[in-house]
Amino acid sequence: MKSVVAAAVAASLMMSAQDSRFRSGVDAVRVDALVVDGRRPVAGLTAEDFELRDTGVLQAIDSVALADVPISVMVLLDVSTSVSGSTLDRLKEGVGAALAALEPRDRAALITFSSDLRLRADWSGDIASVNGALKTLQGAGGTSLLDGVFAGLTFGDPTATVRRLLLVFSDGEDTSSWLPHGAVIDKARRTDSVVYSVTMRGSPWSRRAGQPLLFRSGIELSPRDRVVWTESPFLDEIADATGGTAFTTKDPGELRGAFTRILTEFRTRYLITYTPQGVDRAGWHPIEVKLKTSKGKVTARRGYLR
Amino acid sequence: MRVLVLAALVLLLSHSATPQQETQPTPAYRSLVDGYRRIGMTEIERLLTLPGDAIEASADAALSPASGWTWEDLRGAAMLHTDAALRALGSKDRSAALFHLALAERLLDRTVSLSRPQEDFVWRWYAAMPQRIKSLGGSGIENRLDAYAQNRWGQNRARMLYLRALEFEWRGANEARVVSPGQSMLSMRNQAQGTWTGAATALVEALKEDPSLHAAALHLGRIRMLQGQPLEAIRLFRSALASVDPAVAYLAALFLGSLEEREERFVEAESLYRDALARIPYGQAAPLALAQLLSRTGREAEARGVLAAGLLRPRAFVVEPMWAYGPPDEDPATQIDLLRMEVWK
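Chains as they are written, first to last, in the working numbering: chain A, 76 to 381; chain B, 125 to 469.
One or more of the hints may lead you astray.
[To be verified] Listed next, the stretches of chain B that the computed footprint assigns to chain A, with coverage defined by at least 3 CB atoms under 8 Å from CB atoms of chain A:
| # | region |
| --- | --- |
| 1 | 343-351 |
| 2 | 412-420 |
| 3 | 433-444 |
Hints listed in this document are in silico derivations from the structure and should not be mistaken for laboratory results.
Glycine is no exception: its CB is placed at the ideal position from the N, C-alpha and C atoms.
With the rest of the complex left out, here is chain B (with noise of 0.2 Å):
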């Protein structure tokens, strides 16, 4: 009779809590993930005082069709190990943080695999990460990466035409030389004008593969509209307001917005600076751009307001698009910024 009781407790058991394990993460691993997209940011050191296994069954049950988890949960989940892993090389584990950045990169594949349009979050990933990770000491790690993404977009060569693009309008920025007092912009521009010129026949190479790769679009747009074609460039930024990386798309509204105000069409102006502003509210340029139209327009106490509800607050998180417009490994700190950003609730 005992051995019967004993084997019907241990069936019971075994069924309730094999699903479970199977199929749901823990509470706990779930509210890390909840609270993170919540701009929770303990949650990071939480997560790894948590046993690796626990962790890494979580994960897997996050991963099982059957969890339910969203390609957003996922994706939030990945960014919560990805900030476990750069924690990690900070304070030189690296173990742990091959452990997370391996959880993050399956992760990562599984959102792609629910949403294809986060094919493009995953790049940019890509992009940001082995520099770094580089920058914090975790040389021979980004060597994986690199390769990973060689091997899975090497051969797309929409994107390698958009990556030398940026290498060629960097180094025009960098070529246009200061030459004496009095200079104007436009013979700024025309001392640009041969990287200028190779970076756009990239882009626009790059859009004939792709036409759907919009930040190539905010790209030439730019080039476009400092080339002195404002309809060609007013076109382009149109298109790339539809990317699906808010930061294309928060630029594109602000070059769009500065062209409208170039022509004092005010009104269309302030619409696309809070249009900026509504997709990235914790952007710089855009709360700039805004309280700067209205203080032209005479509406200073609004301009002082736009200041003071965002930018100018006490301990302010402020990331700007503008800030990593280069190639990717320029500013990989400010890249994974945006990344994290995007999947704050």
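Here chain A stands alone, though its shape is the one from the complex (with noise of 0.2 Å):
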């Protein structure tokens, strides 16, 4: 009896041991990474090409994709009453431009934030379908892009092989979301998504000094979330921690040039994949990834938190 109790918790022990540590195959870490010299992509780059650092320790790199990987766009809009008349009709426009850039084998879905949320084209491969809901788009209501921003990473495309672009529009700040900023920016660095944004300054709604909070939830998930208002403004900050961009204008005719510019800046991305070695399992990894030899600036998610 003894020894099966014995055997027992060894078992036990290596199995969190094991649990502790990542296994090839299974905990494969994917890094989205754009790499450029001036404003220029760099093409041809391979795996000898690239180092990576997980929380400081140098990794394998298992392989490193550039077009052979399809992609899935989830488009998040802001459909608030600041966005309607020409501002909605350019959005639709510029959106509709970006999709039409997709090819056969892509996906997308589009989910719009004003108080409320709603999927209006789920995951589908008829970007046709996600055009066609684009159309019926109308503007009213307050501004949950927190909650919009977390539900647009929540709700990625379940198809394992693609790579993931969360593409949000806003044109101002949080008026009515219950999440607060911390814990979506949590949630950013647990997925794999890349978010580029668009936002659209100079309208009365953004946020500037003397402007009301207005209400939101109050609520507070971790020390975090104490900040009301950080250094960088939201989207900026996500897209940073994702490894995206975030782009500014004031003028809703840039928008078209905004959204078509991002799905061709994305299509030129490498994927790395590997799988960790030499670091624990659980909580914040810092990654950092660079170039061996060739000249060039990488741009690639934060780390990654587990």
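Join the two chains, each given in its own frame, into one complex according to the hints.
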């Protein structure tokens, strides 16, 4: 009996030791990386060109893919009261142009947010249906930006073999979310989605000194939530955390250019896959990606949370 | 002989028809109310096409004690007539609106006489309707409803204090101004401290007057939470869980859940978020709060499932009590959505 108990204890210890380590193939980490030389994307790189550190530990890269992985675009649009009339028309036009640039194997979905969140088009390869939903949008209500981004990140394409892009448009700061800022940033750190955002500035709805906070839930889920206005706007922060880019414009006429540029840029990104070795499984893993030899700047997510 | 047969026939018809008309609404009316309570929105249009005297006769019968209609049935009928009135106002049919409003009021009155706790529902109805009617162009009609509410609850000190507190609390949220980047929530709270103190004082008084006014406990709990007094907030939120108003109990469960989550008591937090979701399956904050917690604790697939099952279904119906957290006239449309949702089976 004693030996059975001892064996069970040993097995359980072994299992917990395994749980604290990464398993090859099962726990692979995917890092979407943009490499540019000046403003020009750098093409033709392979695994040998990259150096990747996870929590400071140099990692062996399993694979690097450029163009052979389909992309899934979650389009997340602010349709609050302030987004109406010509701005909404330009927005539909811009997103439509970006969707037109998708390839037949790519997929898309559409969520809108004002006070409420709405799934306008579920994940599908039928881009025409997403475009159809886009045409019906109207602007009304508050701005649940934080809730919307959380939903967009959580409702990612369930297909495993895709690269995930969350494309967010908003023209103002949050006025009606339940979730606090820190919870959404933490969520972004747990996904492999890359967030690209387009913000319309200069609208009277954008946050500025002296503006009321209006109401929000007021809850705090972590100490991070105690800051109500961070140094950089929320969308800049979330783009930075996921290795994406935040675009800002004052002119609705520039929206089309911004959206198509995002799609073009996203296609030039490398998908780096590795299985972490020599690091603990749980917790925050800072990632550093560099080029060994070629000239270029790498933009990738800052890390991931397990 | 002929005369005798005719007289017998008349007698028979009057015996079979009269009690039916006096004590039971027509099957068509019953079916409309039942259909409406099963989230049938087409029933509103169908009601508007029926002749007024037939509707009135059925409503009269439903109001009769002999009808056997429960307070839930009557409340459902009241909301059906409320929606008919609002729909009529939307199409500029003022007389139809007045007709259905009058029936709704009578049905609500009877609801309270059958179930005393429904006084709260009726109070919320009178708080939301005047502004909603006004926004639909029914100017003038709202004055009568306002006057009735003033007459019925004007001397209810607890409710008057509660309404005053909501104004204070709302003003507090608007007075808290963004000053500079890096500003903390604490400094925002300090800006609003004056008005929150005013709101808290009124709410404490309201609860002294009427400890069963759970909405006051909810609002006081949130102010205490924002003022950094979580233990007092928890006590108040727990008492608000007992509210007959599902929106109050829903928000109390969510706020309690957030306080548990902040202390990393994830099991307790999850249970409270699920409780909120069960109380109002059409809410937005509850699925988000639950999905966030599941994701935070590594249950990503479940988190996605929670959103996919409700909030992010195509054409999902969503009504979030937090949108109507301010004074009743701030968002009467949501207040009425919440009342409507309460009568659904």
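Here is how each hint holds up against the structure:
1. 343-351: Contact hint for the region 343-351 of chain B vs chain A: holds, 3 residues under 8 Å.
2. 412-420: holds (count 6)
3. 433-444: holds (count 7)
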